[in-house]
Amino acid sequence: MAIREKGYTGWEGELKPSSQLWLPIFFSGIKTIFKKKYAKLIFGGVTFPFLIFLIAVYVRTKPELRLLSGLVRQLATDASLFNLFFTNGFLIFMLFIFCIFAGAELIAADLRFNALALYFSRPLDRLDYIGGKFSILLFYLLLFTLVPGLLLVAFKMIFSGSLSFSPLLLLAILVYPFILSMFLASFTLMLSSLTANAKFTRIIILLLYIFMDALAQMLRTVFKSDYFNLFSIQRNITQVGNLLFNKGQSAWNFPSWLSLLTILGLTLVFSAVLFLRIRRAEG
Amino acid sequence: MQNGTIVNLENIRFSYPNVQAIDDVSLTMENGIFGLLGPNGAGKTTLIKILLGFLAPQSGRGEVFGLTIGHQGHKGIRRHIGYMPESDCLIPGMDAVALTAYLGELSGMPHQEAIKRAHDVLYYVGLGEARYRQVETYSAGMKQRLKLAQALVHDPRLLLLDEPTSGMDPSGRKEILELIRDISAKGRMSIIISTHLLADIEYTCQHVIIMNQGRIITRAPIVSLSHERFNSFEVKLKGDAAEFLKQLRTKKCQVEEGEKNDFHILLPAIESSKLIFAIATRTGVQIRQLKKSQTTLEDAFLKAIGEADGD
Amino acid sequence: MNEKKTAWALLTTFFRFGWKNKRSRIFLLFSLIPVLLLLLVKIMQTARPASFTSAADLFSNIMLIFYFQLLIPVLALFFGSSVINDEIDNKTLVYLTVRPVPRWLVFTGKYVAYLLVMGLITFLGLVLSFLIANFDLLASAESWRQLLTYLAAALLAITAYSGLFALLASFMRKSILIGLFFVFGWESIVQYFPGTTQKFTIIHFVKSLLPYAPQKSGFLIFQLEPSPVFSSVLVLMLFSLITLIAAAIVFQKKEYILSDSN
Amino acid sequence: MSAVIQAEKLCKWYGNILGVSDINLEIQPGIKGLLGPNGAGKSTFLKLAAGQLKPSIGWVRIFGEKTFANHRIYSRIGFCPEHDSFYPDMTGWQFIFFMARLHGAASPRRAGEMTEKALATVGLTDKKDFLIKTYSFGMRQRLRLSSSLVHEPELLFLDEPLRGIDPLWRIKIIRLIKEYEKAGKTIIVSSHVLSEIEAMTSDIILIHQGRVFAQGNIHYIRGLIDAHPHQISIRSNRPRQLAEKLVRLENVLSVELDEATATLIIKTNQRDQLFDFLTRFLAENDIEVDEITSPDDNLQAVFDYLIGR
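Protein chains in written order, with our numbering: chain A, 1 to 283; chain B, 1 to 311; chain C, 1 to 262; chain D, 1 to 309.
The set of hints was computed from the structure by calculation and includes no laboratory data.
Just so you know, not all the hints are guaranteed correct.
[What the hints assert, rightly or not] Computed from the model, here is a short list of chain B residues facing chain A with C-beta under 10 angstroms:
1) F54
2) Q58
3) S59
4) G60
5) H74
6) R78
7) D88
8) L103
9) S107
10) Y124
11) G126
12) Y132
13) R188
14) F263
[Claimed, not checked] Just some of the chain B residues that point at chain D, by a computed CB distance under 10 angstroms:
15) Q20
16) G38
17) T45
18) T165
19) S166
20) M168
21) P170
22) L197
23) Q206
24) H207
25) F233
26) K274
27) I279
Since the model is a prediction, treat every value here as computed from it, not as a measurement.
The beta-carbon is built from N, C-alpha and C at its ideal position, and this holds for glycine as well.
Use the sequences and the hints to build the structure in full.
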């Protein structure tokens, strides 16, 4: 056997022009977030509401148990169960905490460590890069919304012993998490791409979350019109829940589809700003 | 790749808002190792970015590997380029193997192949034992090696190295230069090295391109630049030089004190180095070093830049 | 080498670059939005009086919700911790600590400069809101006294919060998450419960200074038992001073590693 | 002249990462080259001497005074750090002006003068009103250098001062440092590029694995390493005849003849006697010599020897 040739050896394989260059970004991003300090703590916090609702679904079928009676009374119908679960304040707040914890630095750290020079010296264009970053956040956000939703459906069937489930509600359970996750992901990534200072991005995400809600409530009490609720992120999300889960009756007197429009519109605007922002940084 | 031309640029012009960075550059490069030289802000990094397609030239056209530069062809071009940026850059939150494999995949390598190749190149650049450590904990020298590794992982056809040895200690620097020579010896790829260290270019490159203020001033094979100057010596002495220099001047030799505490002696045509030794023994001075003075790359560089600057 | 000159150099330079900075402009935007809101209300009120809650009542609510419970703590968290952390992250601390300036003065100079930046951002919004809200009562001395109380409360809130976060940052690298949990976790929860736990928050003493506790309005029901104004001012002043001095001492004594491998 | 810098039993650890250990030395005025591989402890020693770090054991003094947080002596020190760090929002002029005022310049006008002078020294005058983040790597390095010279200190610590600077300015800065030496200042230059150090000084301090291995003149140190015989390479028109003559000398250990390049490499332990003999011999015999060099009498050889052990 000849001695292995010392020094630089080439690579015989073929560099195939793949269109899914976002996949490597996706897989490595998932691993990096999972390895972060406190990641398990945050994951635990986000799945906490799911546990509460799981118990409530069980207790609902066993009225003799006196547990969580307040919550159970509100879960009379399946629709109200999922509506309440997907729009409860604690879940939304914890999703925001996750975006602050893991999402804020996704692009800011690349800007700070000048990683874009490495990324874009590869045959990768902005869509791959942004697509990859989006997919990382979507993976976790869906993990905390869609997966618990489907589990609740499964457990509801098991506990109530009947496989009957309204297809419309099932469709809503599939659609709502995507709308919410796309919104949160575009919001976080857009802010993350604005500055290399991840600390500033984290503070701005939380500041916007609280500021807009306070502003909406202030405007509503002053001008006595519920349309101002459109300013508040949480209220918009609640209205989208109402629209999808209990046939559009809204908690305030303004049409709930308007909130859906606002959320989708904002998602588009944030993604556009993000797209422009990366183009400038790529050069 | 027709007849081996890697890069072909014709009257490329590019300017940042207030600085004319590249002013009518035309250049063709065949297979080989090219040194890119020039003072700070001469346009070297801008030229590299144009080759990579980061910047689109305002006028002129060019091809790399036969694919036109500018925003359409850049994907094909970048696939076969290994780029080692000048400034510190890394992707946070990963260890060296993960980072190198990740960038290999982004160049189009299958996942498993990228991981295998990552280990090979990391061993090759000398990061074998530190390859599982997080990259943020790497020292300046190790980050340079990592940058070289990520540029080699997909076995490119053109390697662009921007200040490859900056921040390396002497033994590290020698190793990197040996690696570059070894890579060029294998002949699998061409290399463009942009650096301030002339010794690095003299040691590794075949051709040198000197740029200043966005224009290419000279482009020549290295060997043609450093030719020996007839009958002119650089001498280092031990002992009292005054008498020795006086006698040399009486023999119509021109003597000046050099930069690195040595003396430049120009002998008249008829004399040979023997005269220096003769006078030295007469004046009790020891000749510790005698070298024919060569126009080194540094002199060629200073002459080229000096003229342009009117320095 | 007199200290006065170098202290002045530190103060003016860090104030200028702190204020001109893009991030301060974004915070200024947040502080001016409530002013626009008040302006809108004032215009509507003059057009159709008595159909809206009066601007004056709105003013006190806006101050509490937007400024004292949100903007000031967030500003203090960002600027307070970046007095030191920015210098370490950008590795520029060495340019300051190698000059003939005592280290505590380097810290204090930059700290006070950032206090001025925060003060400017907050006071601008606060004074404008006050003028708009009490446009017609400007004659009465009472309303001017009220403005002074608000300004004093804001200043004390800024110094207290910034002191705390600067101290946290002086010996801990990642103090942002802890700061966020203190303000939006501990302080906001404890407000809903009566008893002494309230005393362990800055916001409690700040609210005790405000002219009148907000009525049980629709938004959030506070169980505020205000402690006496004098003791609140004393507590806030002492807290601000102690945290500032402690942070300066830590900065004087502690060595900060800027090497690559930190 | 009393020593400018003294250190005794100086040790420094970051957690359990070794910085420097057991350094005892005295540094006199003049240019000192601080040499050592990556991680040898050069930067740690500079930061300890400039008061940026606290010693774990032992002490280090400048002008007889302890250095950590001792701001009184910092007006006499200039420190050029190794990191490429800068204030992004400032222009070159504003940064140096700020540094000048920190040195308690009498008036803003005086600070302005100091700034203009410092920027001119490193050739950044025409770029002074540009934001630092638009500077190239070499220009930021020069700006850092001028920030350490703005108050013309007596003692200069330069950590990799010439990194990324083009040859034109490299020579000017080396000349500047030599002028400072003539003015009686002390300059400690840590560098990885040996040719830079050799161009500035022959007085070096070798640090490896956190310890000072050797201190003094390069050739003196090279002489100390006698276990490692010296090489002398001679290129002449008749190498074989020269070889016959030299091999008979008893202080010549070995002779190597390379016909292709007509070079003769001799190894000896008594270099002085050999050079004496060689100068006389070549004066009498008509051998045409083009080159006499000592291939391993430079820093690279000393450095490789140091690491090799």
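A quick look at each hint next to the structure:
1. F54: Nearest chain A Cβ about 5 angstroms off; hint holds.
2. Q58: violated (14 angstroms)
3. S59: violated (18 angstroms)
4. G60: violated (18 angstroms)
5. H74: holds (8 angstroms)
6. R78: holds (5 angstroms)
7. D88: Status holds, d = 7 angstroms.
8. L103: With a closest approach of 6 angstroms, the L103 (chain B) hint holds.
9. S107: holds (5 angstroms)
10. Y124: Holds. Min distance 6 angstroms.
11. G126: violated (13 angstroms)
12. Y132: violated (13 angstroms)
13. R188: Constraint on R188 (chain B) satisfied, holds at 5 angstroms.
14. F263: Since chain A brings no Cβ nearer than about 42 angstroms to F263 (chain B), farther than 10 angstroms, the hint is violated.
15. Q20: With a minimum Cβ separation of about 14 angstroms from chain D (threshold 10 angstroms), the hint on Q20 (chain B) is violated.
16. G38: Holds, because the Cβ-Cβ distance from G38 (chain B) to chain D comes to roughly 7 angstroms (cut-off 10 angstroms).
17. T45: holds (7 angstroms)
18. T165: holds (9 angstroms)
19. S166: holds (5 angstroms)
20. M168: holds (6 angstroms)
21. P170: holds (5 angstroms)
22. L197: Interface hint status for L197 (chain B): holds (7 angstroms vs cutoff 10 angstroms).
23. Q206: violated (20 angstroms)
24. H207: At about 18 angstroms, which exceeds the 10 angstroms cut-off, the nearest Cβ of chain D leaves the hint on H207 (chain B) violated.
25. F233: Holds: closest Cβ of chain D sits about 9 angstroms from F233 (chain B), inside 10 angstroms.
26. K274: Check passed: Cβ of K274 (chain B) comes within 7 angstroms of chain D, closer than 10 angstroms.
27. I279: holds (8 angstroms)
Hint compliance for this structure: hints 2, 3, 4, 11, 12, 14, 15, 23, 24 are broken, all remaining hints hold.
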